[in-house]
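Novice: Fit chain B to the supplied structure of chain A, relying on the hints for placement.
One line per chain: the protein sequences are A and B, in this order. Under the numbering used here, the first sequence has 79 at position 79, and the numbering climbs by one with no breaks. Under the numbering used here, the second sequence has 112 at position 112, and the numbering climbs by one with no breaks.
Any given hint could be a false lead.
Unchecked claim - In silico DMTMM-like cross-links for lysine to aspartate or glutamate, where the CA-CA straight-line distance does not exceed 20 angstroms:
| no. | chain 1 | residue 1 | chain 2 | residue 2 |
| --- | --- | --- | --- | --- |
| 1 | A | Lys109 | B | Glu47 |
| 2 | A | Lys126 | A | Asp67 |
| 3 | A | Lys126 | A | Glu157 |
| 4 | A | Lys74 | B | Asp131 |
| 5 | A | Lys126 | A | Glu99 |
| 6 | A | Lys18 | A | Asp213 |
As the list claims (entries may be wrong) - Part of the chain B face toward chain A, derived, beta carbon under 8 angstroms:
| no. | residue |
| --- | --- |
| 7 | Leu122 |
| 8 | Thr130 |
| 9 | Leu199 |
The hints are simulated quantities; they were obtained by calculation from the structure and are not laboratory data. Think of the CB as a built atom: it goes at the ideal place given N, C-alpha and C, for glycine as much as any other residue.
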Amino acid sequence: MTHLLRATAIWKSFGATKVLRGVDLSVARGECLVLLGPSGSGKSTLLRCLNLLEPISSGAILFDGEDIAAAGRKASLVRQRIGMVFQNFELFQHLSALENIALAPIRVKGENPQRAREHARHLLAKVHLPDKPDAYPDELSGGQQQRVAIARALAMEPTLMLYDEPTSALDPETVGEVLQVMQELAEEGMTSIVVTHEMRFARRAADRVVFMDGGRVEHEASGRDFFCDTVPDRVARFLGRMEQ
Amino acid sequence: MAGSFHLIVAYVLSASFFEGALMTLSISLASLLGGMVVGLLLAVLQEVPWAPVRAAAVAYLWLFRGTPVLFQLIFLFNVLPSFGIVLPGFTCAVLALALNEGAYMAEIMRSGIHAVGRGQRLAARALGMTDWQVMRCVVLPQALRIVIPPIGNQFIGMLKLSALVSVIAVNDLLLVANQTASANFRYLEALSAAGIYYLAMTTLLMIGQSVLERALRRRGRRGEGHIRLSQRLLGVMMGAGSVR
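This is chain A alone, in the form it adopts within the complex:
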């Protein structure tokens, strides 16, 4: 099995607080991995460590066969290849949907602006928003903004997508359209790590589910096995709470 990303013994402290306590996590090419766990278990921090937005305290991260944990100044080059979607979308408020998507390819990759915008249009269609190129973020619903944010991440043609609670800030009626897009991407073979509380999505789209608690990986199983009855008590209790 070829791993796109393999993180070993990741420790991360903020001051005296140890947020990650020796996490091992790997994701295979084309796999959709869902990270579950109570809030404060370190899921979001782990995601930010994986694309080097947060420096890790110790451990190793192999991405595409390359040790990136010590990338230092090159960290921005690594991030170009890893897309990230945030809970609060974080679209650039001064730019239209199309400009949001085309900005990084033009400025970071030095792509031809004409071609970048064409690609951006294509991506807008892919997230089912073909008629919104000129809309500004504050003219879009939460679900639409998040889909633009996904398109913005895809524009850099990443080999890995990280989703940090992508539907937690959404109205219930727009959650579905975002999950739909994420699932379509996963089915096309986009390698994804998804932090979410959406059990529907985990059941439907996850190839593998990892359960974190207290800064550690406590349980991991294939998508099918995770939701059966043989899980450890702690996981069962968590699932029980989530499904209420």
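Specialist: Just chain B now, with coordinates in the frame of chain A:
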């Protein structure tokens, strides 16, 4: 009395007063632009993660806020020549006012930069932008929109502050009025004519600022509470100008 009125009208319509007003306007505009550049530089320098640079920026603020602008003006005008640097009055006036304005503009620019949320920077970094690209493509464009209204206030303050340059023999509106009056002792008429010009210019600027702010609000982004034109005319917002 009728004679006075006719003389005031004659002064207002005279070439010398008009040129004086033009001089006041160009000094103000040039100093404001210079101040914006200096202020932006100081604001960005204060964000640099290198302590000596930040200390230098703070030292600048301390120096230029801790001494009167009139002192700075006279200092530059009289001390620079002893180092062999002889500047024309206009250049010297703009230099002094811009350096001083920069120390105040820095705070405005800084608050603008800080008003752009942390999440926006995080999203930009996640796309693979370098720190400088994040600043230039994401933070500054949004910050500049936020600082347009306070910069309008600074412009109006600058227009009034520029009267100080008459002490270094720059032919601005106030010096023209003063010299005209000292030839025939018709102070009431000459100074009234200058006052009319000042009021006309500040009023026009305030109206322009109102229009601009309304346009910015219509473009959608976080409008502050509306300031009525009457409040503007009474100088409710004119804090920085009067401190000096």
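Novice: Check the structure against each numbered hint from earlier and tell me which ones fail, lowest number first.
Specialist: 1, 2, 9
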